[in-house]
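Novice: So the sequence lines, in the order shown, correspond to chains A and B. One gets our numbering by counting positions in the first sequence from 1 and adding 1028 to each. One gets our numbering by counting positions in the second sequence from 1 and adding 97 to each.
One thing to keep in mind: the hints can contain errors.
Take a look, some chain A residues computed to stay more than 10 Å from chain B by CB distance [as the list claims (entries may be wrong)]:
| # | residue |
| --- | --- |
| 1 | MET1032 |
| 2 | ASP1036 |
| 3 | ALA1043 |
| 4 | ARG1191 |
| 5 | GLU1254 |
| 6 | SER1257 |
| 7 | ARG1275 |
| 8 | GLY1282 |
| 9 | GLU1299 |
| 10 | ASP1313 |
| 11 | ALA1314 |
| 12 | SER1331 |
| 13 | ALA1352 |
Examples of chain B residues lying across from chain A (beta carbon under 8 Å, computed) [stated by the list, open to error]:
| # | residue |
| --- | --- |
| 14 | SER226 |
| 15 | PRO227 |
| 16 | ARG231 |
| 17 | GLY247 |
| 18 | ARG248 |
| 19 | GLU254 |
| 20 | ARG259 |
Hint data in this document are derived by calculation from the structure and do not stem from the laboratory. Note that the structure is predicted; figures quoted are calculated from it, not measured. Just so it is clear, CB atoms sit at the ideal spot from N, CA and C, and this is done for glycine as well.
Letter by letter, the chains look like this.
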Amino acid sequence: MREMTFTDAAREGLAEEMAQNPGIFVMGEGVGTRGGNFNTTVGLYDLYGPKRLRDTPICERGFTGLCTGAAMVGARPVVDFMFIDFELDAIGELFNQTSRIQYMSSGRLQMPILVRGSIGIFGSAGPHHSGNYYPLFMHVPGFRVVVPTTPADAKGLIKTALRSTDPVIFLEHKGLLFSKGPVPEGELLVPFGKASITREGTDVTVVAVALMVQKTLEAAKQLEQEGVSCEVIDPRTLAPLDVDTIRDSVHKTGRLLIVDEDWGPCGIGAEIAARIVDEAFDDLDAPIGRLNGAFAPTPYSPSLTAGMVPNAQTIAQAVRDLLAE
Amino acid sequence: MAFEVVMPRLGWTMETGTLIEWQKRDGDSVEPGDVLFTVESDKAVQEIEALERGILHVPPDSPPPGTEVEVGTVLAYLLQPGEPLPRQAQDAASRPPKVAVVPEASAEAPKPDTAAAAAMPSRPTTAISPRARRVARELGVAWESLTGSGRTGRIVERDVRRAFELARADETSRPPLREPEERDSLIPSSLPTPQFTRKATHEPVPAVTLTAGVDATELMRIRDQFGEAMGSPTSIRLACRDLLIKLSGLALQEHRTVNSVWQDGRILAAHDVNIAIEIGTKAGVVTPVIRDVPSTSILSLADQVSELTAKALLGQLEPADLQGGTFTIADLGEYGVDAFTPIIHWPQSAALGLGRITEKAVVRNGQIVPRYHMVLSLTFDHRVVDGGPAARFLDSVCGYVEKPSLWLVR
C-alpha cells in the first residue's frame, strides 16, 4: 500500500471532498497562496482560487462568526486556525453560537462547520502554541471532537467530518504531521465514535490520545520483552467517545491506564476513568491510572519540555506501577 | 522476592490468633508444605504450612510465641538466598509488635498510618479489588482468608485465581471454598448494617429474651425409651439435650428468620440449620456445630454431641468444628438453673437456653398430678427478629417438646 504523511493524507481527504462538494470553502490565516502554515491547503488555491481559499487578517472571532453564519445558510466552511491556541480568541462565537444554533433552532438550522488546528507539545513551540484543549470542546454539547493519529485516519476522519451536519473540531498533533503511514487508494471514510485497538494485549489496557499513541506503542514493545502484554486503544474521536471498546478491553485485562499529554484536571483521563468506574466497576482489579503532562504552561526550553510530557520510559514505568497495584 | 508469613485467618469470624510455637527456626530453609508454626484460634490449635519456598527470617520485632495478634500481622519473611529484608519491614523494625486490641479499645477507629498499612497487609476489613471479588464469587473462593499481593495488601484477581488453582491441584490443602448460597434467602433490612467482623462482634446487640414454661413429661418418656433401646442410659441431661437440639432444628425450619446470620453486612435466612452447642471446658466455653440438624437422625446426633464434647474437653476441636453455626443451644439445667439469658454468638441472631427439668404438681383435668416441667429461654437479636415471630418460634418448640413423638418420627 502507498505511504503518505499525515498532512498529505488529510489534505487529500479535503481535496476529494472539495472536488465533490462546491459548498466547501476554507478560511484562515495563510491558507491561500501560502498553502497553510502546516501545508494543509497546498495546491488547492491553484485549483479553486481565492473564492474557496480565503486568506484572513488576524481576527479569529470575526472569521469564525462569519463561517458560522455561512454554515447556517447552507455553505460548508472549514476554519483553519493553524494553532488551536488561536481558537481561544473565538471561543465566544464557537461556544455561544456555533455549538448552539442547532438546539436553538430546534434542528431547523444545521451547523456543518469544520474547525481545524494543530495541537500538542512539539518543536519548542512555547506556551502560546502548544495547547491541546480537547477537554474544552468535549465539555460543550454539540461539538464532535476528532483527534486522528495515523495518516489513514486523518484522511478518513476529515472526509467523515466534511459530511457531518454538526460542528466538528479536528485536531492534528504537530508531532504527527510528518509521520508516514499506509493510506489505501480510493474512498476512505472512518466513522466517528469507533475507537481503534492499535495493539492487542491481555495484561493492561492503555488508552492513549494523539502523539501518546505512538509513545505508548514504543513502551508496549519494551514491556513485551518483560513479559507484559499491553492492549493499546486509540479513541480517534473524543466526542463521541467509544466507551464500549475501552470497557470490553478492561473486562479482559482488569487494569486501565490513560496516557494523555494534556493537563490532568478535568481531562480526557478523568472522563474515561469515571465512565469505566460507572460501567465496569466489577472488572477493575486496580485503581485506574492516569499519566499526564506536567500541570504547567509549556516552556520553550527543549530540556525542560522533555521532562514535562510522558515518553516511552515513563509510560512503561506507569504500566509497571499499575500492574503492582 | 520476599514472601510475608502472616497470621492466617482460619475461620470466617477469626480476628486474632495466638502464635503457639515456631516449628522452623530463623534461618531454616523452607519448602512449600513444611509446617512453619502452630496457631491457636477459637481454642483449637492448627498447624500452618508454608505456601512458598525460601529461608525463614523471623525479625527481632516479630511477636513472641504466646502472643495474640491480629489476623494479617506479619510474623516472618521467606527470603531468597542473599535477599535483604523488604524495606517496610526495616522501617517497621523500630515499632513495637502489634498485639491484639482489646474489644473496648477497638471501638476507636484505626488511625490512618500508611507505613503500618504496608507492614500489615490484611487489616480487619480486608481490601479486595472489585474484579477479585467478582472472580471469587464466580469461582466460589472464600477470599476473606487470602493474603493480598497488591501494593497495599489488596487482594487482586491473581490471588484469587492462585488460591483456586492450589485448591484444585491439592484437594487436601484446599483453601475454604464457599458453598453456593442460592438456597439462602436475603432478608431485606432497613437497619444500619454492621461493619464486618470486629466492630459488629462487640457492638451491643439489642437482645431480647422470652421465656416459656413447658411440660416435659413426654420428652422424658421418649428419652427413657431411647435410653433403654440404646442399652445403657448414659447421662439423662445429655439425652434430653439431644432431643431438644433435634426439636429446635425442626422448629427452625419452620421459622427461618430465627435461623438468620449476618453476612457481608446483610442478614441471610440460612437454608441449612446448623446448631452450635455450648460446652464448658477448663479453657472456657466453646461452641462446636452440629450440621444439618433436621435431616440428622437422633442416634447420629447423640453420637456427634458426645464426640464433640469429648474433643472439646480434650482441647482437640478443629476450626472446622466451630464454624457455620446458625443458632446456639446452651444448657444450664445440670447447674440447677431454671431460666437465663443465653448469649447470641455473632454472626447468628438467636440462642435457646435450656433450664433444669423438675417434677411439679400440676392440675390436669381437675386432678393434681406430677408432671415434668422445664423453662426454655429464647434470646434474639431484635434487629433481625421481631418479638412476634420469636414468640411463635418459641411456641413451636414448646409444642414439639410437649408432643415430641409427632415430630421425631419424621
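Novice: Run every hint past the structure and note whether it holds.
Specialist: Cross-check of the supplied hints:
Listed as a non-interface residue, A:MET1032 keeps its Cβ farther than 10 Å from every Cβ of chain B; the least gap is roughly 42 Å. Once the 10 Å rule is applied to beta carbons, A:ASP1036 is consistent with being away from chain B; the minimum gap is 44 Å. Every Cβ of chain B is farther than 10 Å from the Cβ of A:ALA1043; the closest lies at roughly 49 Å, confirming the non-interface assignment. Remark: the non-interface label on A:ARG1191 is consistent with the geometry, its nearest Cβ contact in chain B lying 41 Å away (cut-off 10 Å).
Its beta-carbon lying about 15 Å from the closest one in chain B, A:GLU1254 satisfies the requirement of being farther than 10 Å from that chain. In this structure A:SER1257 is separated from chain B by more than 10 Å, as the shortest Cβ-Cβ distance comes to about 14 Å. Under the 10 Å C-beta cut-off, the non-interface status given to A:ARG1275 relative to chain B holds; the minimum distance is some 13 Å. At the 10 Å boundary, the C-beta of A:GLY1282 falls inside the reach of chain B, the nearest C-beta of that chain being 5 Å off.
No Cβ of chain B comes within 10 Å of the Cβ of A:GLU1299; the nearest lies about 20 Å off, and the non-interface call holds. At roughly 4 Å from the closest C-beta of chain B, the C-beta of A:ASP1313 falls inside 10 Å, breaking its exclusion from the interface. Distance to chain B contradicts A:ALA1314 as a non-interface residue, since its nearest Cβ pair spans about 6 Å, not more than 10 Å. Distance check for A:SER1331 against chain B: the nearest CB is about 32 Å away, which clears 10 Å, and the non-interface claim stands.
The claim that A:ALA1352 is not at the interface with chain B is violated, since a C-beta of that chain comes within 10 Å of its own (minimum 5 Å). Proximity of B:SER226 to chain A holds as hinted, the smallest CB-CB distance being about 5 Å (cut-off 8 Å). Because the closest C-beta pair between B:PRO227 and chain A is about 5 Å apart, less than 8 Å, the hint holds. Interface restraint check: B:ARG231 against chain A, minimum CB-CB distance 4 Å, threshold 8 Å, status holds.
The beta carbon of B:GLY247 is positioned within 8 Å of a beta carbon in chain A (closest approach about 6 Å), and the interface hint is therefore held. The closest approach between the C-beta of B:ARG248 and any C-beta of chain A is roughly 5 Å, which is under the 8 Å cut-off, so the hint is satisfied. A hinted interface residue such as B:GLU254 counts as satisfied when its beta carbon comes closer than 8 Å to some beta carbon of chain A; here the least separation is about 5 Å, so the hint holds. Taking 8 Å as the C-beta cut-off, the interface hint given for B:ARG259 is violated, the closest approach to chain A being about 13 Å.
The structure is inconsistent with the numbered hints 8, 10, 11, 13 and 20, although it conforms to all the rest.
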